[in-house]
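**Q** Following the hints, position chain B against chain A.
For the protein sequence lines, the chains are A and B, in the order given. Numbered by the working numbering, the letters in the first sequence go through residues 4 to 461 in order. Numbered by the working numbering, the letters in the second sequence go through residues 4 to 461 in order.
One or more hints might be untrue.
If several chains are the same, the list does not tell them apart, and a pair holds so long as it fits within one copy or across any two.
Stated by the list, open to error - Below, a list of computed lysine to aspartate or glutamate pairs in the EDC-like style, where the Cα atoms sit at most 20 angstroms apart:
| no. | residue 1 | residue 2 |
| --- | --- | --- |
| 1 | LYS176 | ASP79 |
| 2 | LYS349 | ASP378 |
| 3 | LYS176 | GLU66 |
| 4 | LYS326 | ASP429 |
| 5 | LYS215 | GLU98 |
| 6 | LYS326 | GLU98 |
| 7 | LYS215 | GLU277 |
| 8 | LYS215 | GLU101 |
Hints were generated in silico from the structure; no laboratory data involved.
There are 2 protein chains.
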Amino acid sequence: MAIDRVITFLDAHRSVFEEQLKTLLRIPSVSAQSERDNDTRAAAEFVRKDLATIGLNEVALIETKRHPLVYAEWLDAPGQPTILIYGHYDVQPAEPLEPWNQPDPFEPVIRDGNIYARGATDDKGQMFTHLKALEGWMKTVGSLPINVKVLIEGEEEIGGKNLEIFVAENREKLACDYVVISDTSQFALGLPAITYGLKGLAYFELIVHGAKTDLHSGMFGGAVANPLNVLATILASLMGPDGKVRIEGFYDPVRPLLDWERADFAKLPFSEAEFQAKLGVTSLVGEEGYTTLERKWARPTCDVHGLYGGYSGEGPKTVLPCKAGAKLSFRLVPDQDPLAVAEQFKAHVAKVCPPGVTYEIKEHHGAPAVLVGVDSPGVHAAVRAIEAGFGTRPIFMREGGSIPVVGLFKTQLGVDTLLLGWGQDDDNLHGPNEKFSLDDFHRGIKASAHLLAEFTRD
Amino acid sequence: MAIDRVITFLDAHRSVFEEQLKTLLRIPSVSAQSERDNDTRAAAEFVRKDLATIGLNEVALIETKRHPLVYAEWLDAPGQPTILIYGHYDVQPAEPLEPWNQPDPFEPVIRDGNIYARGATDDKGQMFTHLKALEGWMKTVGSLPINVKVLIEGEEEIGGKNLEIFVAENREKLACDYVVISDTSQFALGLPAITYGLKGLAYFELIVHGAKTDLHSGMFGGAVANPLNVLATILASLMGPDGKVRIEGFYDPVRPLLDWERADFAKLPFSEAEFQAKLGVTSLVGEEGYTTLERKWARPTCDVHGLYGGYSGEGPKTVLPCKAGAKLSFRLVPDQDPLAVAEQFKAHVAKVCPPGVTYEIKEHHGAPAVLVGVDSPGVHAAVRAIEAGFGTRPIFMREGGSIPVVGLFKTQLGVDTLLLGWGQDDDNLHGPNEKFSLDDFHRGIKASAHLLAEFTRD
Chain A
4 MAIDRVITFL
14 DAHRSVFEEQ
24 LKTLLRIPSV
34 SAQSERDNDT
44 RAAAEFVRKD
54 LATIGLNEVA
64 LIETKRHPLV
74 YAEWLDAPGQ
84 PTILIYGHYD
94 VQPAEPLEPW
104 NQPDPFEPVI
114 RDGNIYARGA
124 TDDKGQMFTH
134 LKALEGWMKT
144 VGSLPINVKV
154 LIEGEEEIGG
164 KNLEIFVAEN
174 REKLACDYVV
184 ISDTSQFALG
194 LPAITYGLKG
204 LAYFELIVHG
214 AKTDLHSGMF
224 GGAVANPLNV
234 LATILASLMG
244 PDGKVRIEGF
254 YDPVRPLLDW
264 ERADFAKLPF
274 SEAEFQAKLG
284 VTSLVGEEGY
294 TTLERKWARP
304 TCDVHGLYGG
314 YSGEGPKTVL
324 PCKAGAKLSF
334 RLVPDQDPLA
344 VAEQFKAHVA
354 KVCPPGVTYE
364 IKEHHGAPAV
374 LVGVDSPGVH
384 AAVRAIEAGF
394 GTRPIFMREG
404 GSIPVVGLFK
414 TQLGVDTLLL
424 GWGQDDDNLH
434 GPNEKFSLDD
444 FHRGIKASAH
454 LLAEFTRD
Chain B
4 MAIDRVITFL
14 DAHRSVFEEQ
24 LKTLLRIPSV
34 SAQSERDNDT
44 RAAAEFVRKD
54 LATIGLNEVA
64 LIETKRHPLV
74 YAEWLDAPGQ
84 PTILIYGHYD
94 VQPAEPLEPW
104 NQPDPFEPVI
114 RDGNIYARGA
124 TDDKGQMFTH
134 LKALEGWMKT
144 VGSLPINVKV
154 LIEGEEEIGG
164 KNLEIFVAEN
174 REKLACDYVV
184 ISDTSQFALG
194 LPAITYGLKG
204 LAYFELIVHG
214 AKTDLHSGMF
224 GGAVANPLNV
234 LATILASLMG
244 PDGKVRIEGF
254 YDPVRPLLDW
264 ERADFAKLPF
274 SEAEFQAKLG
284 VTSLVGEEGY
294 TTLERKWARP
304 TCDVHGLYGG
314 YSGEGPKTVL
324 PCKAGAKLSF
334 RLVPDQDPLA
344 VAEQFKAHVA
354 KVCPPGVTYE
364 IKEHHGAPAV
374 LVGVDSPGVH
384 AAVRAIEAGF
394 GTRPIFMREG
404 GSIPVVGLFK
414 TQLGVDTLLL
424 GWGQDDDNLH
434 GPNEKFSLDD
444 FHRGIKASAH
454 LLAEFTRD
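In isolation and in its complexed conformation, chain A is listed as follows (with noise of 0.2 angstroms):
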């Protein structure tokens, strides 16, 4: 069969695959830091190089007003059903980088079967199994099974809108029965999994200003509002000791979770107390009510990224200072919709907020959340393949994370996406030592090789 021919050339090539994989994880594509531009182009003009070697037709840079998209397509199997496969090659920034264990985080270090570096899981490695699948067909059937089209682009992580500037202007270009993207996680090791549901998300910064000028706190302490204590008092009162966000309306339009969900997960071979032990933390907490995995895949959450202001250098300085600022997010569940959630959390802090300050909000990126049914062709053809490439039948979860172009695809599109983690949830994605199994990278490269057979319609 097709297939076996396919999966003989994948394995005699997984040394390759995965020079192939460092050399793309070298990159330091951060779209976040303009001054990795050209970085980051890079990276595209590499994952466009390779989709062209690989034998796909009109492969392109697409040019937007910041980071390049890559395009390719291969139409040639009538009859047959089309996917999207899409990903990203931007990645986070790597900083902090003293907890790194290697020296730096862009010179990939293989240990333990795992490949480390900025990008691995979070997307290149993951992305990278869908180009080596197709590659697979190609250079061995020198065809695929059914229609493919890919679209990769370089502004996942700073919540871009050139792809959805592109999106919407080609929808013809693009249609197509399902999307395919890897960029989650398994549920555990040798427990591959289905994502079903993501939340979405809402980002904000908020910057609190005071005085002028920065001012000596003995002189002016007690007269004047200090824009930190401000900005602590507007955080503390997000949330409430009960772990539920204290936004009027915030969980008015939340769909409460099914029976079966509770059920299903509660199933699930999740240790509450190794996962505690595994962060390191004291003891888990979270909104009241709810387990774990209950509020990491289907509760609505409010995280501070980021505070900076005044004076966080060697030694004690008495600085009144003059701003403050934080970044935090709200996780949104269905059917919470991010426009709203800005305007509450706007109204909030416009309640809360002590006199003395002035304050901006800035609105970084916003994105619904995702639920996609579980009964359906597509789903069907993706069970049986991550059973083929991994060897087990994979579950059925949802996901904390959110991927805002599953929205936009449903959307813009009308169709529904197939997420097919091939990570593992400690991969550190968005943190120091981020990893991904180099098993795993060949265990997807398969399912996907077999995800395009398994599409073929009769």
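**A** Below, chain B alone, put in the same frame as chain A:
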């Protein structure tokens, strides 16, 4: 009269003194920054040389475990009182640099009669007035009318312990009738003041630790405590919307303002509206039931000086950080004990800190508040000297700043300190664009020269 010759000399040397001050200000003697240690020593050396050139005796750099002390004395006025002039040659960090209106805070700029530089008023410029007054006497009369000891340190801005050790070990050598310090402000332009009260200080750094590594806020948010959210919660708990510190026992030892103080403060030409406009704040805030001057001078406060943790670079990053920190201090009034406040603060944090995190509290430095009696021969001499130097009679005020040495001299030497401040309250000490009025510089020199004469006994 001798004093007339001195004053003539001082008038003739205005530009010489200004150039010397500039040279001193060019030395970036930031005691908190260890990479500046050589500069800090260079400032000490500058002061030592100046005292030697003036003609004082026993001029010496005294080594400590960190920054050296400078000592000098002139004790050839038998039967006359002895004063100890104290000052400091170290300065606050100049950061942040952007708000400065000059490229280098250590390259003095003269504008509108003010000299702008880090340390201009705190305390290089003010400290230097006394050296120039001594020079005036020595270079004209050839002697001083009273006995003088000079002790200039380099760890004032970091609350270093080495001055304390030296004073405790040299009580006999430093014996005097009064300490004289110029490290405070006048009440306003043309309204010189004697400061009879200072606030104390208790300074802490609070560091909150969560998981053992940074996490992805989507995958882990809502399931583990976020140190940044927790830090905000703890900081917000320190003060109520009424401006009162909400730590148990904090106010118990607070000595209430006396009726004469409230009456005198109320008579001072102080416009809350002008104060507000000068600072550029939308309103003045503070502890309910007190005027702005009362809050500034005589009520305890709590200010956060710095916040750090997570990502504060360009663009959004959805990290759930493993660590967050804050620098904060309480300004204290009589009779609050900094050690007792430290215990109260620690007990408070232990009480309000939510589960799921650990924390550490670093104690930076502390000092009790000070009140000096206003009816003594030394205060009377200072009133006459300031009237002679500034042409107007000083008022009595308190100050929100902390000068820990005042308590040290009281405890170790048993003497009161005369706080004769030549600065202005908009001199931006500790902030960007620190300045010192050159008129005040020269009036301060004259007042100091008069002070030596006014102290003589018949």
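**Q** I'd like to know which numbered hints this structure contradicts. Please list them from smallest to largest.
**A** 2
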